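Student: My request is simple: use the sequences and hints to build the entire structure.
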Amino acid sequence: MGHGHHHDHSFEAGTDVPPALDLSVPDGELSPSDVSRRGFLRNAGLLGAGAAASVLATPSAAVAAGLPHSHGPVGGGQEKGGFRWLAGDHHIHTQYSSDAQYRVIDQAQHGHAFGLDWLVITDHGSNAHAKIGVEKVNPDILKTRTELPGLLTFQGLEWNIPAAEHATVFVHPGRNEVAVLKQFEQTYDGSQLPATNTEAQNEAMAIAGIKFLGEQVKARKVEGALFLANHPARRGIDSPHEVRNWRDADPTVAIGMEGAPGHQASGIKAPNGRGGARGYYDNNPSAASFAGYPLESYRTWGGFDWMTATVGGLWDSLLAEGRAWWVTVNSDSHVNYLDQSERGPGSNFEANGKYNDPVYTGTVNTGAGDFWPGFYGRTSVGATSFSYKAVMDGLRAGRVWVDHGRLIKSMDARVRAAGDHRATSGTPLGGVLQVRRGTTTELTLEIDLQDKPNWAQFIPVLSRVDVIVGSVTGPAASRDSFVAPDTKVVKSYEVSPGATKLSVTYPLGRLDKPFYVRVRGTDGRRTQPGLMGAAVDPVGPKLDVIGDADPWADLWFYTNPIWVLPR
Amino acid sequence: MTTYRSAAAAHPAAAATPTRSLADLAGLPVIGVSLGHPDTISAEHWLASLPSAPLLACTHLVRTPRPHVALSLVFDHPTPGAIAGADSVPAEAGEECPVAAAEHVARSSGRAVLYPGVEKLVGTLSVAEILELSAIEKVEVLGGGEADPAALVDTGDFVRPQWRLGSLTLTTTPAAGGHLVPFETRHPTPCCAAH
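Protein chains in written order, with this note's numbering: chain A, 1 to 567; chain B, 1 to 195.
Misleading hints may appear alongside valid ones.
[Said to hold, decoys possible] Derived list of chain B stretches under chain A, where covered just means 3 residues or more per stretch with a C-beta under 8 Å from a C-beta of chain A:
#1 61-72
#2 139-148
#3 172-179
Think of the hints as simulated: they come from the structure by calculation, not from any bench. All of these numbers come straight from a predicted model, not from anything done at the bench. Built from N, CA and C at the ideal position, the CB exists for glycine as well.
Tutor: In structure tokens, the structure reads:
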């Protein structure tokens, strides 16, 4: 990898286990360097079940850097760090969802106008959608692709994961995109399964569904299929072992979760807003919930889901295992704040699989909890070109950072051998840097601060950036673990007022044990010590206030991790 | 969504009696019962339908044989006619649920629907008043430790404390106007209308 014009950056996971990790290869048959690597991993407790499905086994997953190359004038995004960063949203509903109302083109042209380069249409899995909507929406999507060539419009659906929450499932465009999605939904959607199923049967169906998607790719029915868990902590029903099971079912398909849920307008204070809970996170434990989750997990923290917002929490517990698992942010747009339309009159959703086209009302909807796609949150993907495949590859590689309210303009975060500051070197977000033990590494972070107003007409001001580091300790003893005791904020940078750029180098020291690093930043307006204590996260995100959570007055960005492993 | 009557409202006579402390209930048998309720709303419906209200009634989230909501009940009399003529629960009223009873006795988990003083927890009250008027022993702010006794809580006339680490604890969260609200709301957002 690393040359100028390579088109296949796919994640070849699971199949090619390196000899050092393949315990069926005896020590005597290993090369001296593999013997050394195996010994190191064994001493670090990193050999054994689970290791093969982690970044330890497939570091090439994300190393695929490559140089930038564009394919003509089509498409947006911005160049930074050798990639074209394409902003997107993988969680959007239309009139083909029973609780939504817009046309595909309504969502797409708003999203594009608000700066998105790609988006995924994800109507709810349901009887009506499985029978009618999944097919009927496709011509609308095809037309949108023609009408908006500067926007990549994927077809997906929002899967009712058996025994769990919802998930975005989407595929690469192609002649089988509808057939694959339809068969998937009719076979594996929670709405299509017998109510008599046990929890164990449903959990098994979820795993089978993810594997089915991977098989469609292997059979070349579609060029790619991805799964991302949506609003994962909202009702406590995505248990830690289910998250691990999905990811392990096929790491080329199940790649991550929403770091922040959509519905970010729902906490705006009444009477100008809905006056509810940010993200609609106002639930309490039910009989279906994972009993180990604390009440804190049911609320948002700085607008983010507890799994992601808690330093040393569930997300970090996966990263500390070496499990590649990425976070995103999305709109989950159904009905948008301050919009002036409603569902078309005379609709019959069950019969038609859709609502009639929305109509203008002349009244302003202050009770809606959603923003238009691109209006508030964005998932920025480091792509090698403006194409459907490049977006899917970038997502799969974890070359992703996310922000709310356009807190930052762009960023380039890389880990390198210390002192190597060549523009073409360094391991980007989602990547794995492999160096000899004892090698000194550093994080180089270059953030272009925002100089343009966001869609609330102010220029966001980044106040602080936190570097978060955790040891990689191998598979957790329990698949229901959701703590990473060794992960913490190791450094915070205050951003000087008036600065246009933040360029810092954080020394990561000489490599003695494998670790990962991720970065977070904030406008600094709402903070409190993290849930694992001030020693872990002294100024973390604050619990959102019920009925008074102004989303524009509490902005954060998060990056995905970079691992550093011994060669 | 149908509005349901709270169990406390169903038994107005309970409001006339002075608030008893949890200590007064010590020694009374705790009955665990499982009727297969899918959620707390249906469990509370059943509770409200009892001819004689328990002094203390909690819901418990039980995983086996399939996820459901069980109850633990403490009656004024050891052998209430409300449920049966015995401490145990007859078949037509469901099955015994020793897990629910054990959690209640150990004060380790369980969510109290009926408890001494619940009928007085209406409108906006200070944390100190909640502690004084009811059997609730602790009020906490989610992710923030014990609540300031002077802080005001908008109860929403719906207060469901939980047994935690030996205490009947009400967890609250910050809300509009600088007030607190109980963690659990009467009508949480349904996950979506489609299913």
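Student: So is the stretch 61-72 of chain B in contact with chain A by the C-beta rule, three or more residues under 8 Å, or is the coverage claim wrong?
Tutor: holds (count 7)
Student: Do three or more residues of the stretch 139-148 of chain B come closer than 8 Å to chain A, measuring C-beta to C-beta?
Tutor: Our answer is that it holds, as 3 residues pass the Cβ test (under 8 Å) against chain A, meeting three.
Student: Report holds or violated for chain A covering the stretch 172-179 of chain B, Cβ cut-off 8 Å, minimum 3 residues.
Tutor: Holds: 5 residues of the stretch 172-179 of chain B have a Cβ under 8 Å from chain A.
Against the hints set out earlier in the document, no violation occurs for any number.
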